[in-house]
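Number of protein chains: 2
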Amino acid sequence: MSDHSPAQADNVTMSSGGLYSLATKGAKDVIDKATPQVLEAIDRMNPEPELSEFHMVDMGCADGGTSLQMVEAVIQKVRQAGTETPIRVTYSDQPRNDFNALVGIIHGISDFDTYLNRHNNVFPSCSGASFYLQGVPDLSVDLGFSATAMHWLSRKPCDIANHVHMVGASKSELQVFAEQARTDWETILLCRARELKPGGRLVLVNFCIDPDGQYLGNTGGINMFDTFHSNWSQMLDQKRISQHEYARMTLPQYYNTIEEFSEPLVDTDSRCYRAGLRLEKIQTAVVRCPFAAEFESDNDTKNFADGLIPTIRSWNESTFLGALDPARPTDERNQLIEDYYELYRQQVLDDPSGHGMDYVHAYMTIARV
Amino acid sequence: MSDHSPAQADNVTMSSGGLYSLATKGAKDVIDKATPQVLEAIDRMNPEPELSEFHMVDMGCADGGTSLQMVEAVIQKVRQAGTETPIRVTYSDQPRNDFNALVGIIHGISDFDTYLNRHNNVFPSCSGASFYLQGVPDLSVDLGFSATAMHWLSRKPCDIANHVHMVGASKSELQVFAEQARTDWETILLCRARELKPGGRLVLVNFCIDPDGQYLGNTGGINMFDTFHSNWSQMLDQKRISQHEYARMTLPQYYNTIEEFSEPLVDTDSRCYRAGLRLEKIQTAVVRCPFAAEFESDNDTKNFADGLIPTIRSWNESTFLGALDPARPTDERNQLIEDYYELYRQQVLDDPSGHGMDYVHAYMTIARV
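As they're listed, the protein sequences go chains A and B.
Note that the working numbering has the first sequence beginning at 26, numbered continuously upward.
Note that the working numbering has the second sequence beginning at 26, numbered continuously upward.
Simulated from the structure, these hints should not be mistaken for lab results.
No experiment lies behind these values; they were computed from the predicted model shown.
Treat each hint with caution, since some may be false.
Copies of the same chain look alike in the list, so a pair counts if it fits in one copy or across any two.
[Stated by the list, open to error] Only pairs whose alpha carbons sit at most 25 Å apart, straight line, appear in this in silico SDA-like list of lysine to any residue:
| # | residue 1 | residue 2 |
| --- | --- | --- |
| 1 | K222 | R104 |
| 2 | K222 | E73 |
| 3 | K196 | N243 |
Only chain A is shown next, with the shape it has when bound in the complex (with noise of 0.2 Å):
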């Protein structure tokens, strides 16, 4: 029985406290988006009048505030139908998310200012159900969203020796993480096959390796996973850490290509065409940096490093504070993660140029037939 289990690999949590979605700008950026896929694919849906309701779910929600404007842009585009339908919203995410800052953002008691304000009969709700597992019953989603969630597997198959990411794998390593990620992928769309209602939609916006080989904070500029290596690794030279603990910090992140994210949508044969999932929509685009397009504007190079680490920090930082000896002092694990992250920090502050994370995603329509 797995019902309950933890939604991505252990040691793997966003920023809590509300933190996310103020550290995430780039991640709002993204999501906004996708928004006209989102209300083109409500279009496809052609959703009756008289429905009894209308479900939607957000899965790897966080804390729930760089979509609030996505969904009170489905929640207008539902009501333009001309009804009052209930509206219910899910939002589903590994149990350790931070589900006090993500109820304290729907339900307006923070800074963001929530759809409630402004919409009557809307219904949401948050799951501890990872979307490595079936969160609602069969049958009862009209539209699935995900935005920057599935590229965390479900656990992490192997360490990468000499780099923290699939992106500087060496070659058997890389195909131990492709299987890894094509089983876990897999998993993922059977599980919405099975809550999806029939002409239901999924609008899927994962990190991917596009078609010229660019992806998260590798779009021209320096790599910026070649940096989280480099600075470990330096820690590593410098004895700061140990040879256990260089070795260890892998990400368990997987970026599909458009190809391995279409395979088991468009193969007749595949487990998840059989389960009725169709492939309507996919294509890939860069959304810019927040930080270096400021940087750009304002040549304000302390604000761009202090604007840039932190929303490094708000999705990796848990990772390598888990690679680190349990044996050691609280204290002294956090002081090596804020010596690594100043490392970078410093080198933003020397030289600005060519940093930044830019974002790299396929947006994805997928049909319930």
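Go by the hints and put chain B onto chain A.
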């Protein structure tokens, strides 16, 4: 628009971090006592095997630990109908509730044993809509449950000058509280009338004043609420708190009588009756204070005091803290609260006889025609 407003009067929160369920063994005893009535209510509903889903709601759930076994009994009962009908369990509480503890307990990342370990096709989710709001769509609930929660008023209608609770209010203050409670009870019931499916049932287990005049902590021994008041009054006499702090310490609670609970459900002209709610059953019962019961068998005074005081703090500390002048430094406020509860603890240590917090509830079953 009030869809997202806090669930109860401000400054009312239960203990966080899973401490609520650990501290309130008695609250679980009450739910266990109600469980046969819950199962009987399901018998009356006679759920059909081809039911598309069975949806139960636990309103005012706190961290969910006290109701885990009752929810599992419901799951078993529904499964006895011989089907794998999906079961949705919606947990609701005010948005400042500790949802992290709640999700952790439900999903098995706590010391509590969750029903998800043993049952498939069960989908829990959490809502930050209090029982003063409609939390789920119209006509969507089979079974609504709430225990030891609905005595919290939506607001404090006035201060009680010479006591901390309505059980010690003057006649005119009591009238104001009774009117607030009447309106609040109607609001709570009308929300439920919208949510329930026809044929659905509510089982509500609410603090009451029973036909013998007994209520929480007042069942023949020392009146717990009078102790709250006399100790608070003593801090005023010692000039440790101001007259203003003394006066505004008023718990926003009301304990209805059987007649007050029943009135909108049996008066054929009432809005609740016209909305389809019918009282099927109401009875009162006393559940013994588990710490007093333990003391009777082991005569361990320290153990008694160290159990009783935390169970009291778990539900009223936030109100005492909120009565203190916010201009005081936080440390000073915390120390005053420590000292306040220490007074009570010493009284129990000095002479334990007559102390305790017996629970006095009305157990209601309400049908939606």
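Structure-based check of each hint:
With identical chains, the CA atoms of K222 and R104 are at most 25 Å apart both within one copy (20 Å) and between copies (24 Å). In this homomeric assembly, K222 and E73 come within 25 Å of each other (Cα to Cα) both inside a single copy, at 14 Å, and across copies, at 22 Å. Proximity of K196 and N243 under a CA criterion of 25 Å is satisfied intra-copy only: 20 Å inside one chain copy versus 73 Å between copies.
Checked against the numbered hints given earlier, the structure satisfies every one of them.
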